[in-house]
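Asker: Chain by chain, the residues:
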Amino acid sequence: MPIVECNNVSKEYKVGASVVSALKDISLSFEKGEFSAIVGPSGSGKSTLLNLIGCLDKVTEGNLKINGILIKEQNKTLLADLRCENIGFVFQTFNLIPVLSAFENVNFVLSLKKNLPENECAEKSMKILEEVGLKGLENRKPSELSGGQQQRVAIARALVKEPALILADEPTANLDSKTGEDIMALMKDLNMKKQTTFIFSTHDKMVMDYATRIINLRDGMITSDNGGKKS
Amino acid sequence: MKNIVILAFKNLTRHKKRTIITSIAIAFGIALLIWMDGMLKWADNESKRNLKNYEFGNFIVCTKEYADDRKDFPLDSVIEKPEVEKVLIIAENTGCFSSPRTGFRSMMSYKRGFGLPYVVFAIDPELDAKVFKIKDNIIQGNYLDKNSEGILISAYCKKELGIDIGEYIIMETRTKYNTMQALRLKVTGIFDCPNPIVNKNQLFITRTMAENNLQLEGMASEIAFRTENGDNQPALNKVKTLLASKKLTLLTTQTWQEYGSDYLAISQTKKGGSKIMIFLIFVIVAVGIINTMTMSIFERVREMGMLRALGMRDNDVIKCFIIEAAGLGLIGSVMGLFLGVCLTIYGVNVGLDFTSSFKDMDFGYRTGTIFYNEWNPGMMLAAFIFGILCSVLVSILPSKKAVKMEITDSIRYL
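Sequence lines, in order, name chains G and S.
All you need for this note's numbering is the position in the first sequence, starting with 1, plus 19.
All you need for this note's numbering is the position in the second sequence, starting with 1, plus 72.
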């Protein structure tokens, strides 16, 4: 069963009196362990597609299933629980909580998962921080970390719940090229080790080079999808 | 839940100055509430004590006409000597202290030649000291004794007339039979009691002196009663029964509450007024909290969007903000309670001197111009809890508003 299944998905927004069609009749699916990039110019619908896959928004038409669950039938609370159990996010601007340390940022998100004992949460949080190369920095606040280190915390935060799917919206856009490459290498490594599905939106050629599958979007439509086969 | 509480409390440290300023606003409101309540409580109780201790006793026995017209102190509706004696026996039988008093209006003058109106009470010094506490407030000279031919004046009268101890004062008044009488009386004692009505209006001579010079012939305009435990009702009921059984049907009783009904009504109105003031203080506090919480919420929209995207339920986001507001209220309430207790300690021991503001003003309370505080642990606890509850209540609306925003808009929010 695919992790993500989009069938004839369309998304429209109302802007004033007019209706803007952000995605038109998209059909695609992502399997477990894929490392995919959604690319395309600004306004092509990359972020909209990620938002729909991340259950942050609802489709106007068509069906979207995450882990076999039909999204449009879920209410707000169920969607929150579904995101909590199945989806991790990495944002362009990291969005860490400034008053919490690296460890607390990770541990807080893990504690949102129900029925996890406190010591298990702490153990998992420390382990994932170690995996992303932040051993010894776990007590530092985000302001005491570099951009790359902050993005590593964000990745650890997304991974700690062991979700089936991680969505990253331009994860390297705020990083220099060296750090960006390190981050991509880390995500690729984690993808290989944990078989977590990663989907990025990006403009960055380097990110595309890491991706095994590249989906091109233009004007809300898929113009190409290599299906995981690189030339 | 534990992590939500930790996050909420850590969020209070984001903008320390803002947290401190808002907490100070809450603390100020709480402290002011505790202090004002303690002062009003003291003023209220002190007024009641002073009314009973210096002005009226627990209740009086007098004629019905006198009860209707007491403010004029009429000498033509008094209790005659045989009835006075019977009432004194009744008092003895009911275990009350009693003091026959005859009040009359007089014009008092000194060297300067002008006169000032006062109410003079003819008292039996020994009996009166058991009912009233004037004797405990002598600041110069001596209290009256049974055969004293002098007059006991107040410190206020001393100042107004410019008279001093040992000097002579002229008292012009009318006898029972309405003939003018002028007496030259030596000031033998000066009192300064905490009841401004007594201080400003009343002077005292002995009943012997009044009987000899004003033809009062053993009569009394009222007989003041003081019960041992301070509770009127049982003694009052007994006295009423005994008055009826002794066929003293022309006599009636009046309690301090009936006499002070005007004051008690004013006191109730003042309580209402202070409630409005308390409400206004809390409006100011509430506006401060709403402002702080709204600022906190709107500067964290992106963060909330991220947490909601990562699976935090909207209710948990609201809880987090409410706990944060409760924390703000808790800090403010603890500070306010501490400040309120400090102000109360100062108020209980030193008090606030309003002499220059209230010098000759009648502001309704029968207290001196130094206002003290009384402890009111109930109000302190209520103010403490109310500070926290108020913070929680006013944070609910902005928190709910915050989670109404779509997650996608929250994440993009600048």
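Honestly, the hints are just simulated from the structure, not real lab data.
Just to be clear, a hint being listed does not mean it is correct.
Stated by the list, open to error - Negatives, chain G to chain S, calculated, CB over 10 Å:
1) S29
2) E104
3) R232
Said to hold, decoys possible - Chain G stretches covered by chain S per the calculated footprint, using a threshold of three residues with CB under 8 Å from any CB of chain S:
4) 40 to 46
5) 89 to 99
6) 113 to 120
7) 124 to 132
Heads up, the beta-carbon is just placed ideally off N, CA and C, and yes, glycines get one too.
Asker: Taking the hints in turn, state whether each one holds.
Answerer: Evaluated hints:
1. Distance to chain S confirms S29/G as a non-interface residue, since its nearest Cβ pair spans about 16 Å, more than 10 Å.
2. Against the 10 Å criterion, E104/G falls within the reach of chain S, whose nearest CB is about 7 Å from its own CB.
3. Once the 10 Å rule is applied to beta carbons, R232/G is consistent with being away from chain S; the minimum gap is 23 Å.
4. Remark: the region 40 to 46 of chain G is not confirmed as covered by chain S, as 0 of its residues place a Cβ nearer than 8 Å to a Cβ of that chain, below the required three.
5. Check on the region 89 to 99 of chain G: 3 of its residues sit with their Cβ under 8 Å from a Cβ of chain S, so the three-residue criterion for coverage holds.
6. Counting residues of the region 113 to 120 of chain G whose C-beta lies closer than 8 Å to any C-beta of chain S gives 5; at least three are required, and the coverage claim holds.
7. Beta-carbon proximity to chain S at under 8 Å applies to 6 residues in the region 124 to 132 of chain G; the threshold of 3 is reached and the given coverage holds.
Checked against the numbered hints given earlier, this structure breaks hints 2 and 4; the rest are met.
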